[in-house]
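Participant: Two chains, two frames, some hints: make the complex.
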Amino acid sequence: MYVYDEYDHKIIGERVAQFRRQTERYLAGEIPPEQFLPLRLQNGLYVQRLAPMLRIAVPYGMLNSGQLRKLAHITRHYDKGYCHVTTRQNIQLNWPQLEEVPDILAELAQVEMHAVQTSGNCIRNVTTDQFAGVAPDEIIDPRPYCEIIRQWSTFHPEFAFLPRKFKIAVAGTQSDRAAIYFHDIGLQLIKNTKGEIGFKVLVGGGLGRTPVIGSVIREFLPEQQILTYLEAILRIYNLHGRRDNKFKARIKILVRAVGPEAFADMVEKEWLNVRDSANHLPAEEIARARTFFPEPQYLRGLDDVEMMAPINALRGEHREFGNWLSHNVQRHKIPGYRAVTLSLKFTGVPPGDLTDRQLEIIADLADRYSFGEVRTTHNQNMVLADVQASQLFELWQQLRQAGFATANVGTLTDIICCPGGDFCSLANAKSIPIAEAIQREFDDLDYVYDLGPIELNISGCMNACGHHHIGNIGILGVDKKGEEFYQVQLGGNSGYNAALGEVLGPSFSRDDMPQVIRKIINVFIKNREGEEEFIDTFTRIGMTPFKESVYAKAH
Amino acid sequence: MPKLTNNGKLQADDWQVVSKESAPALAEMFSGQWLVHVKWYVENQEELTNRNNIGVWLDSDDEAESVSSVIGHLPVIGVNFPVFTDGRGFSIGRTIRERYKFTGELRAIGNFMQDQLFYLKRCGFDAFIVGDKVDAESMAKSLADFSDVYQAAVDQPVPLFRRRLA
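Chains A and B, in that order, give the protein sequences. Letter by letter, the first sequence follows residues 2 to 556 in this note's numbering. Letter by letter, the second sequence follows residues 3 to 168 in this note's numbering.
Only true hints are included.
Under the rule of at most 20 Å between Cα atoms (straight-line distance), these lysine to any residue pairs were calculated in the SDA-like manner:
(1) B:K103 with A:N274
(2) A:K247 with B:D88
(3) A:K527 with A:A553
(4) A:K520 with A:A438
(5) B:K143 with A:E15
(6) B:K143 with A:L28
(7) B:K135 with A:E31
(8) B:K103 with A:S278
(9) B:K143 with A:E25
(10) A:K11 with B:D150
(11) B:K143 with A:A18
(12) A:K249 with B:D88
(13) A:K11 with B:R165
(14) B:K143 with A:L40
(15) B:K143 with A:G30
(16) B:K103 with A:L273
(17) A:K11 with B:S149
(18) A:K166 with B:F86
(19) A:K11 with B:L145
(20) A:K11 with B:L167
(21) A:K249 with A:A263
(22) B:K135 with A:I32
(23) A:K249 with B:S62
(24) B:K22 with B:V85
(25) A:K249 with B:D63
(26) B:K11 with B:F148
Far from chain A, by Cβ distances over 12 Å, these chain B residues were calculated:
(27) V20
(28) K22
(29) E23
(30) G34
(31) E45
(32) I73
(33) A129
Just so you know, these hints were derived from the structure itself, not from any lab. Just so we're clear, the structure is a prediction, and the values are computed from it rather than from any experiment. All residues carry an ideal CB built from backbone N, CA and C; glycine is no exception.
The following block holds chain B by itself, in its conformation from the complex (with noise of 0.2 Å):
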């Protein structure tokens, strides 16, 4: 399915999600991009480890600490949305980045909704896989709702408050 990034432009993607009751076999990912699941990756890591062709996904019932001793490691992390009104993501999300450091790719995958494309910015998420079909012009717009913000998060780490007395 294709990614939508943050600068609202449609990427075809490569990366698979393995699912959590599968168990991966290892020789067969030796080429293409998998995403495994944290806990599979944490198990199996010592195998794992420096290879820029796999990476992890959080479901949302999971913690974002689970992912927190091999972070350095991952090329991407994705967070999946079950359901759109499960916001536990945009947590995962947050907390991945500001108090994990991650600093590679973060994407969205699952069922969260175009009009929470903003929300999930400010959270940290760069990457977003969305439908075959979707508008990517309707979509660039909705990463782009607001041009300003209150309270710090991810994109903006200073507070309204902060910059106001500035």
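Just chain A, with the same shape it has in the complex (with noise of 0.2 Å):
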């Protein structure tokens, strides 16, 4: 992964000064309350309903072991011991003391971290497929380039007020784990005719109050060109977003009020001015940039039948070895390799929740299994992804111990849920007790298995940091009259076929959620052919079935 240099430390570390001393003068009246509030949002700081929370970067998704030591350590000292794995795959405190997050900062900057631009209107950070460099549908390595855009994001001058958060993601496999249809940026790295890499480049996607696809306003960048791009449509949207309403003032309402067609035009005609730039990448930059993520020392020549055969065999005897093999482990681009991932979806847990104990369980099996990294997850999970077929069954009774075995990766029951109003002042609704009931009465396992792969996501209000709308299937909470009700959607789908969810129809109590997502799972098993994936069977059969099912007057 990354490691720093003398530049990188050096302006890491004259951030968390700057922060220290933009807290002090804060706190001795100097700084009123509300200059105050955009300095702290970028240094990763926000006041919720109960304390500050401190978002910390994860860049790209990407740890080693001595950063969770040191996050358990964080969690520990400053904060209640625990910590939660967000939706953009970064690491949240809930609990940290304004007064200590500088020294909490300081803390991250030892092990190459920071908090940087995890809040604001400025660019955040950007995000790709967790499997990065292990797919073996991989065409090119984001990482690299992820890199090169976050360095060139890090305190970009001119883009640290824009009208509002500015969301990247990058892709580069066959199929999208990044969602790059639902970001401000999005981009899917391809080859073209000549072999040549580059960006198709998507503009405008997003979810909160008003979800919106993106739109392609390039099918082919040259590689080189990349951050000359991104500097021609930031300056766009930082001179023509709406500034007047912080509702409409994402990029999104900008592409759409203007047309994709038009808005591609504007930023066509700005970058002509910037494209032979110093911004240029030159070919041995982005081939520095490579150097970063080498492939580890992988065993060479494994044949994966030979690897695996012993390993399947176990499956008879401990059958919850084999649910997991089928559900938590996924295929590797080398023969005798597989990437695993750890559920953080322990029913009665929060999802994404970690301790400070858990985190340094993960760091030490990412040590003895995973050449001592691991990747946090859009779906709040996290990922070892270099890990010997035939250490499977060893690593796996490790896991059962410390609860990160549950087989449900990719089910029902592995909910995208946001922290909710147990937490977060902006929720309409409580969203952990909904995935907590979803979870126990969809207890048995092999039901859920039959059921295939279904993704279940769950915002406690219209800002959609639980990605509802592009679940199979979306919760949604809303506030009526003063109480918390939840609208079901169907239908969404995260992927390059991206879809939004359609309403189901009017919003049910907290307590009969269970039985709607049964009777919805009820039509699916009566109408789905063969094998068939639920969304699938959405698209065959549409929202008629499901309405009347769910709707039908009880008898």
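Facilitator: Structure follows, in structure tokens:
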């Protein structure tokens, strides 16, 4: 993974000193609260219902074991002993003290981490596929480009006071695991007919209260031009995005207002002025960025079938292990290796939560089984990306002990869920108890497996941190005269076949929700053809049968 | 109001901003130093060129391009920040420097804040009109928050990746 040099250390160190001084001036009354607000936000600190929260950046989801141990220390020493993996691959602390945040940032800097631009109206952490570099369907490893974009966007002087927040995602695979159609800018790495590397550029996607699927504004952008083109897009947005209404300030509103073609013209015109600037990437820089993501020291020449045979033979004796192999273990580009997803969706624990001790256990497991590295996922799980197949049983036993072996990855109970009304001041309704109630309703794993892959996403309000619009089943918390209700959407899809869910009908009370999901699943089972996936059945039969069943009057 | 320079020094400043709404009387502008709104300047440019006591100011909804035709005649350009959250002025300043090659004084006026000074400087501003009671020493520190930067801008036209490769 990327390793800081003297420049990175100096710049991040100076950021810590800057924020320490700003915090002191704020506490001394020398910075008014409204001016301190964007400063603390751009250092990851935002105030929620109960306390300030600190969102720590995990650039494109990569962490090493030393960083995990530091995070464990920080949650123990400065917080209540746990943290939370967010839907943008970051790590969040729920209870830091404002006065101590500069110290936390200084500790993070020691392990080459920070909380830079994880909140506020600026360019946020760049996200990508959690299987970057190891996925068999990968065309180009996105991580070197993510790092180039991270450095360009870090403390960018022109784009720190944008109309609204700005999120970029990069995908380099045949199937999209980074939801690039739902970001302010989505970048898909591709090769043209000459074999040259470039990007398909999408703008104006997003969730929130106005969900929009991104529009392609350029089919092929040569890789050397990525920074010049990003700079052109951001400048157009900075100058022309709406600033009069924060609910209409995202780039998606601008793109929709002028139309994607006209927006593309504006960008191309601006780009002509900057395309030959010093931001044009030399091939040497792209090559240099690649050197930070070398292949680990894999054992070469392993026979995959031979390696997996004794592992698969254990399925009969250990059914749970077999389930885990089928659901939480993913294929790897190197024969004899697998990527293992650690499920952070244990019933009764808020999705994505981790204790200090669990962080240390993951660090130890990463050192022992996966070259000391681990990734966070936007589904709020973690991944050991480079595990030797022969060690899978041993690893499973340890994961089971630590509570990470719930074999539900990609299933109905692998729920994406925002912190909701339990923690967040924006929320209309709680989301964590809904996730738990659904997990309890569907506690028969064999039944859940038979249903095949289903994404169920829950947001506690229309800001959509739980990505409810793009869940196959989406649940949105709404407020009705001070009471918490839940609206259900069906048919969302986060991949390259991007689709937004449609609303099923009037909302439900919290107590009704497990039965509502049960009825939806029953309609699916009744209409399913063969091994069809939920989303395909829905696309084929449409909303009506679901509506009729869920809202049928009791006889 | 005093002017903070790029090197953190406070100076007296006599440039007066003429509002967009008022039509300045040319006769009154033979003495004193005046920043008139860019649209008014362009409309009256034949009577104004080569007057080194008249500059222009742009509001955050003005295009940087609006100043391009007269830029060679201007000793000073001001860019207004109506509120500190309005970041358009950063793009306007940078464009005036990088695209239109303005070499005179580029000053930030209005409601920017101390903790934006470093970014403003990077975007080409070299003068900042500040309140009467500011702590100049503290502001000088904010101007120098960082000693190095990742990306190219006006103050450092070579991005870090090119300097690393050199």
